[in-house]
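These are the residues of each chain, in order.
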Amino acid sequence: MSDAAILTEGLSKSFGAQAAVSELNLRIQPGAVYGFLGRNGAGKTTTMRMLLGLVQPTKGSARVLGLDPTREAELMRILERVAFVSQRKQLYGWATPAELVQMNKAYFPRWSDDAAARLAGRLEIPMKMAFKKLSIGNQSKVALLLALAQGAEVLILDEPTAGLDPVMVDEILRTLIEDHVSQGRTIFVSSHHLGEVEQICDWVGILEEGRLLLESRLEEIRQEFRLVIASGEGLPAATSADVVSATTDGRFRRFVVSREAERFAAELRGQGATILEISPLGLRELFLHLVRKEDPCTPGNVGVKPAPVSSFS
Amino acid sequence: MYAWKCWRETRASFIFLLMLSTVPALLVTLGPGIKEQSGWWHFDRSEYTHNPFIMAHLVSNMILTVLWPSSFLSAVFLGVTALGSEFEPGTIEYLWTRPRTRTSLTWIHWSVCVAEMVIVAIVPTYLAAVLLGTLTRYWDLPFLLMAPWLMVIVGLPMLGLTTLMTALRRSGKGGLIFTAAVVTVYVIVRQLVTVPLHLNPPTLFAGPLVWLMNNNQFGATSIAFPWGALWRAVFLAAAFPLAAQYLLKRAEV
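Quick note, the sequences are listed as chains A and B, same order.
Each position in the first sequence, counted from 1, maps to that position plus 1 in the numbering used here.
Each position in the second sequence, counted from 1, maps to that position plus 676 in the numbering used here.
Keep in mind that the hints were calculated from the coordinates and are not lab data.
Do not rely on the hints blindly, as some may be mistaken.
Okay, derived cross-link-like pairs now, DMTMM-like style, lysine to aspartate or glutamate, Cα gap no bigger than 25 Å in a straight line [what the hints assert, rightly or not]:
1. LYS134/A x GLU764/B
2. LYS133/A x GLU764/B
3. LYS925/B x GLU220/A
4. LYS134/A x GLU685/B
5. LYS925/B x ASP166/A
6. LYS134/A x GLU100/A
7. LYS129/A x GLU685/B
8. LYS925/B x GLU278/A
9. LYS60/A x GLU685/B
10. LYS106/A x GLU723/B
11. LYS925/B x GLU81/A
12. LYS133/A x GLU685/B
Some residues of chain B that are not near chain A, with every Cβ distance over 10 Å (derived) [stated by the list, open to error]:
13. MET677
14. LEU703
15. SER714
16. ILE899
17. VAL929
Per label pair, the in silico range of CB-to-CB distance [to be verified]:
18. GLY766/B x ALA99/A: 19 to 25 Å
19. PRO31/A x PRO745/B: 56 to 62 Å
20. GLY766/B x ALA18/A: 22 to 28 Å
21. PRO765/B x GLN184/A: 51 to 57 Å
22. LYS129/A x ALA791/B: 27 to 33 Å
23. PRO31/A x THR860/B: 56 to 62 Å
24. THR71/A x ASN876/B: 50 to 56 Å
25. ASP114/A x VAL861/B: 51 to 57 Å
26. SER62/A x ILE691/B: 58 to 64 Å
Quantities reported herein were computed from a predicted structural model and do not represent experimental measurements.
No residue lacks a Cβ here, since even glycine has one placed at the ideal position from N, Cα and C.
The shape of chain B in the complex, shown without the other chains (with noise of 0.2 Å):
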């Protein structure tokens, strides 16, 4: 049943999210086609058709250009409403005298943002690819194919940290203050880093991205993947969490 209530709390941000993410989508695949002619807008599909090879990886390009931050925005927006949220409004103590653990319950309300991340890259990404290949009658869409699974395993260090930050701040409003403040650090202490020393480091974990960003341009694969990026992202998922997890087990009421 707390999955049920986690869903029925983030309902409203998934449903906003899917749109956010599915109506550019669709929009960007459509767009080449859409004409204008003596001040009437029409759909001409030969755009498509003319030279669909470049066609599909230029919209897929479009496409994942749109889309890539909906699994960061998801991860935030949904983080929020974690454990630690239920603290101000003071729901814990009815939370936390019903005969569940502690721990189910943060790994419960993770997998159900999870699940809805899931479904936020997904649909928006194949419906997309479904139209584009549709109207390309090209199918060969790897990068698209793969994208949204990248996004997600991208986008769950940042669910791991609005989590942790909500349960470090025991709100959803000063976690996610908290979370903006890290990641805003984060890329200045980079910026500072690596400009005046012409350093270019690897990314902490959004590789993966990156590489899908620019990679897709035409399907030439020219940059190795970002393993140790994707395992950083991996190891952050797990590990931020875990901090969360911890700091909830040793809470007081």
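If we strip away everything but chain A, and leave its shape as in the complex, we get (with noise of 0.2 Å):
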């Protein structure tokens, strides 16, 4: 039994020809934050599906809280102490918020009622209206709230913030932060806005067409990940393990190096380039880097690999 909270190996899942997710390696460890991002059709709702058991990997394995999703007497395990919240966030039009709170609390031996009174105020939901009535946002504000209360020990949010106004992504921040991370929970949470994944998330996870791009602390992006412009005639892909993409644009390459930049730009000044840039990057420019499709002259990123599962040192 692994003592990860998610884990998953060679997790993979195709629709037909259409592989969604490919050999998918993710190790997050109790208490992480990690945020999991990407396009579009990217794999990663598919993947979080695969971890609550409602898709079947085609190949490989995946663990939640060390038990088998694919298992049921293992998911119903899994699903007591995992709480979802989905990217369409539907529930029943005809109840009220009350009267789901009512239905939910029965299935979660730890849910908490001071935690949904509370949420409820805070996120200024309608207790007493139906559900169809609720503006998007409100709706999405209940999911959250039934799965916030529910007390679990690993959080997976799909773009749970998507349709809230900027107050009200703020106050579910600040919720998660102060009611979940503080308190050690795992959240896996898949967003398109990368602002919030800096303000709560200490882990990353890039996807592109179903493959893990890159995985990787944020802090370790912040401090050691750099972009290399260089500019010269024959440079090479990629010339280190460490260069995570590479992308041509005429006379000019881009290299996003993910450590020791210094020595990488001094190996390519020996091949003859001209180092034009060494820049920091923020988690925008990486994700933009390395999905980014329509840099001339590259099909794709070239340089970039498979990330390694993560050592969480």
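If you follow the hints, you should be able to join the two separate chains into one complex; please do so.
Encoded structure:
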């Protein structure tokens, strides 16, 4: 049995000929806040669904809290201990949030009425109005309330703040940090809002076309990752294992380097290149460099390699 | 709590079906006594006491004629709210991430629907029977007392079929259309086979109701009880939801 909160090994899912997730290796330690990033259709939601038994893997395995979601008995134990907010956040239209709370609490032994009441007030949810009559933002808040009051050890959140205004996004993030991160609960969150991810996550994984392009500590990205722009003729596609991405734009070549950028730049100079810039990268820039396809002359990101399973030192 | 959710979701249909069955059953029971005289309507109980035996059986036959479709209607109306109907609105993701097995959810819904079908069958029939017995002072009404249970047994395959079709189509509306299509095709095929060939095959599972209607005429028990149809009803009542359970267990969201 693994001590990881979430562990996947070679996890793959295909829908016909279309591979949604390919050979995904994740290891998320208990207490980690893991931002799962990727473009639309990258495979984030499918991965989350596989962890919750909603979709069966084609290949590979997954463990959540050491339990196998493909086995029904173990899945039931996972679902007792894991809270999930789906992308669609669709609940019963005829029910009021108060009724949904009553309905939901019966499923979870660690449900907290206090937390539910506090969240209802904090998120300004109209508890007596039918769910179908609520705005999209309020519907999202109800879905979050149900997940957060569950007392779960692991939160799996699929774009939890979609449709919320900035004040509510801030409120949700603060709630996550105060009530969950501070208590050492594991959060596995997908989001397109990289600012939010930077605010709460300590780990990020970037997925593209079902493959994990990069997995790293956010701190490491800030401190170590650099963008190296070089010019010159006949520059190599990738010269080092530390090169995460290399793209070509005319005579210029952009390298995203995971560590020792200066040494890498010196190597390039040795090959006759002129180094134009070495600059630190934010999460947004890194993400765009990794997944952007519109750079001319490159079929995707030639230097990108599947990320290794993280060591969590 | 899922049982409560099923009840909340089927409550409107249940009340509608209950009214739809009870009001006609009571009207049919009281109908023979309602008289018009010089432009005034009044209730004449002597119609019931004049010949209670004939009146009891005549009225109970009328009650059964009015009530027999109610179990099929209940089955279809309630069946379309089965687990498969939650795919279309997207609530299935919520439901299937609660720590309950898909099998248990399928059968909880089925149980709630069966309970409602029993009430929809029993309440109007027994209310009418009590009213009829009181008016005629003749209480020997075995067919009327037996009727709701046979109606429910015969309705169960329809509940199962609708549950299966809803799972197959992943939609309440789609399930309803497919159930109607299956029933229509069955009736047409049966007619195509029986009429030109002058065959009279036994009914698939509605035999007990046919027996009830035919035998109730003045209590003459001339036709043997169709045990074969009853067992087929019981078999289909179990087989259809089991097939739905199999489909749902393997379904992906």
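Requested in this report: Assess, step by step, whether the Cα of LYS106/A is no farther than 25 Å from the Cα of GLU723/B, and give holds or violated.
Outcome: violated (58 Å)
Query - Range agreement (Cβ of ASN876/B with Cβ of THR71/A, hint 50 to 56 Å) - result: holds (52 Å)
Query raised in the report: With d taken as the least Cβ-Cβ distance between SER714/B and chain A, does d exceed 10 Å?
Result: holds (52 Å)
Query - 10 Å Cβ clearance of VAL929/B from chain A - result: violated (4 Å)
Query - Pair hint outcome, LYS133/A versus GLU764/B [Cα-Cα no greater than 25 Å] - result: holds (15 Å)
Requested in this report: Evaluate the condition: distance from the CB of ILE899/B to the nearest CB of chain A exceeds 10 Å.
Outcome: holds (46 Å)
**Report entry** Pair hint LYS134/A and GLU764/B, alpha-carbon separation not exceeding 25 Å
**Finding:** It holds: about 19 Å lies between the C-alpha atoms, which stays within 25 Å.
Query raised in the report: Falls inside 27 to 33 Å, the C-beta gap from LYS129/A to ALA791/B?
Result: The hint (27 to 33 Å, Cβ to Cβ) holds, given that LYS129/A and ALA791/B are roughly 29 Å apart.
Query raised in the report: Holds or violated: LYS129/A with GLU685/B, Cα cutoff 25 Å?
Result: holds (18 Å)
Query raised in the report: So is MET677/B really clear of chain A, every C-beta pair being over 10 Å apart?
Result: Not fine: 4 Å to the nearest Cβ puts MET677/B too close to chain A.
Query raised in the report: Under the criterion that the straight-line Cα-Cα distance not exceed 25 Å, is the pair LYS60/A, GLU685/B satisfied?
Result: violated (38 Å)
Query raised in the report: So the hint says 58 to 64 Å: do the beta-carbon atoms of SER62/A and ILE691/B match that?
Result: The hinted range 58 to 64 Å is violated for SER62/A and ILE691/B, with Cβ atoms some 49 Å apart.
When each numbered hint is compared with the structure, violations occur for hints 3, 5, 8, 9, 10, 13, 17, 21 and 26.
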